[in-house]
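Listed below are the residues making up each chain.
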Amino acid sequence: MSIVIAFLISMVTGYFILRIIRPSALRGVDVFLIPGIGLGVSAQIVFYSLLIFNQLVPFWIIAAHLICLTGVFVYSRAVRQQTIEIRLSKQDGCVVLLLLLALVIGSIVGLNKPYGDWDAWGFWNYHANFIFRAGTRWLDVFQFSTWWAHHPWMLPCMVLWGWGLNGAESVLVPIAISLIFCLSCLGLLVCSLKERGWFGWALVAGLFLLSLPIFMAHATSQYADIVLAYFILAISILIVELFKNPSTDKALMLGLFLGLAACTKDNGIVAVIIFGCLLLSSLRRNKAWIKHGRALIYGFMSILASVLLMKGIESFNTGNHGYDVSWASLFDWHRWVLIGKFTWQMVMDSSWGLLWSLSFLVLFIFRRQIKEEEGLGLILRFVGIYIISYLFMYAGTVLELKWLLSVSYYRLVFLIAPTLVWVMFSALGRANK
Amino acid sequence: MPLKTIQIIFLGLIIATIVLNGFIQYPRLIQAIDHLKTNQVQRVGQEFKGLRPYLQDVAWAGYVSCLKAAHPATEVAIMAPYQQAQFILSPVLLDFDKADQHRYVILQCPDQAKAKAVQGHLNARVVARSAKDIWLLDRGKE
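If you're matching them up, the sequences are chains A and B in order. Take the first sequence: its letter number 401 is residue 401 in this note's numbering, and every next letter is one higher. Every number in this note's numbering is 433 more than the matching position in the second sequence, counting from 1.
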């Protein structure tokens, strides 16, 4: 019960923050942005309380949550809002049914591996576990002698919030977090397509993503990948919305989600840098959104401090470095051949359920529809640059390449899979016009 | 070809893919339900659980594996038990690189003779032995 209360507090906080940022009527997409904001804020509270009290003090994180909830509630009352009218249409009923199906499948798969896959108990939940038990020794977690990955720890902080209110560790908390982000990802995908008037395609897109064998299997692995995949999809949707109808609330929300993506894991930081560069480069063609650029920066800065602190604390407390790159390896032809082989294997793998073949075909045939909408083009450029930048990272890594590709390549592309499905179905939907 | 026709072709392809994926997923889902019914759920690091009482107030312990590999940090047979031990015994930190600098050392060794040799090399006594050839050694000094 206490775990449910923890998530409820986060969701209600997220809801009021969303109402402050966007006082207009609540849309379907907004409903699925709430978990990202709510759990993101909860993680920030846990992180700063760790810094202030030098250990996890459940009383203070609960108190801080209640203060934050009261604050956003009072402030949201002061902001003039449109009243919410909840009117569920038949289309909404179909979305709910799809989410229920995903919930059932996700619960069965998730409960089968209560500790998650390797990196869940070896890294993400291990961090939460250590901080929860270690008291004032919590910083020692970064001295894990053979570990070279030093991601920001927003996901462990979310887990700690659930455990803190529960008063004990429970495997249900990471399982629930995975499910929340998995369902939100599906909800975002379907609702954003539905709101553009392509309900049929929206439903097929949701079923397609849900049917991908890798999607549910990896979404319930308790890794940070599903969290980041959700943030990348949300950022993509917000960019397209911002380009279409620029407004301060959209820019602020986009900034906030960019910050939260950077706070999730290192791949998120890379994604945010690429998004940032692409947004700047888009100014040549579309200057309208820059009027709201300040709001975007404010939103981003609200999370940036914690990202820098997390990375700084880790660098200070750990002796080893992050992803070392050897420049000589970049020119080793054999390494590129090996990367090519892995790429081919992945394209042919049944786990991806023909995602790559279909998306290449759709994107090629409907390229004109994508070009017509500038935001979609930008997202597609992001996907391309993101993959290419990691291919170079793989080519240059000092780690054993075959091993690194086997454990991380599929996860790297998993991060962009929901976004790719969204672009693919947006292109198909645009062809209706 | 008109765009509408291409759209319909794609719709057909995508629905066929969804059905195909459904056929791939279905047996896995049934297997997962069976596992839940028979309580065959995943266990992580349970073989190290017996060492917990001996490491109550210990911040660091060494970890030695008898298995050898060119890249131990990426060898599943070595890293899986090591990280499972870290997880289950947390907040005890297990030093893989400088195991002999700690009073307590966890030894994971399927080979009895090799285990004796490591014990002799560390000049340590056996404090506890848990399942799956796992020993807790005490060197008597840091």
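By construction, these hints were calculated from the structure, which means they are not laboratory data. It cannot be assumed that every hint is accurate.
Examples of chain B residues lying across from chain A (beta carbon under 10 Å, computed) [stated by the list, open to error]:
1) A506
2) T507
3) A510
4) Q516
5) Q545
Please read these numbers as outputs of a predicted model, since none were measured by experiment. Beta carbons are placed, not taken as given, at the ideal position from N, Cα and C, and that holds for glycine.
**Study point:** Agreement of hint Q545/B with chain A interface, Cβ distance less than 10 Å
**Key:** 26 Å, violated
Check your understanding: Once the shortest beta carbon distance from Q516/B to chain A is found, is it less than 10 Å?
Key -> At 4 Å from the nearest chain A Cβ, Q516/B passes the 10 Å test, so the hint holds.
Review point. Was the hint right that A506/B lines chain A, CB cutoff 10 Å?
Key: 5 Å, holds
Practice item. Report holds or violated for the interface hint on T507/B, using the least CB-CB distance to chain A and a cut-off of 10 Å. Key: 4 Å, holds
Review point. Holds or violated: is the Cβ of A510/B closer than 10 Å to a Cβ in chain A?
Key: 13 Å, violated
When each numbered hint is compared with the structure, violations occur for hints 3, 5.
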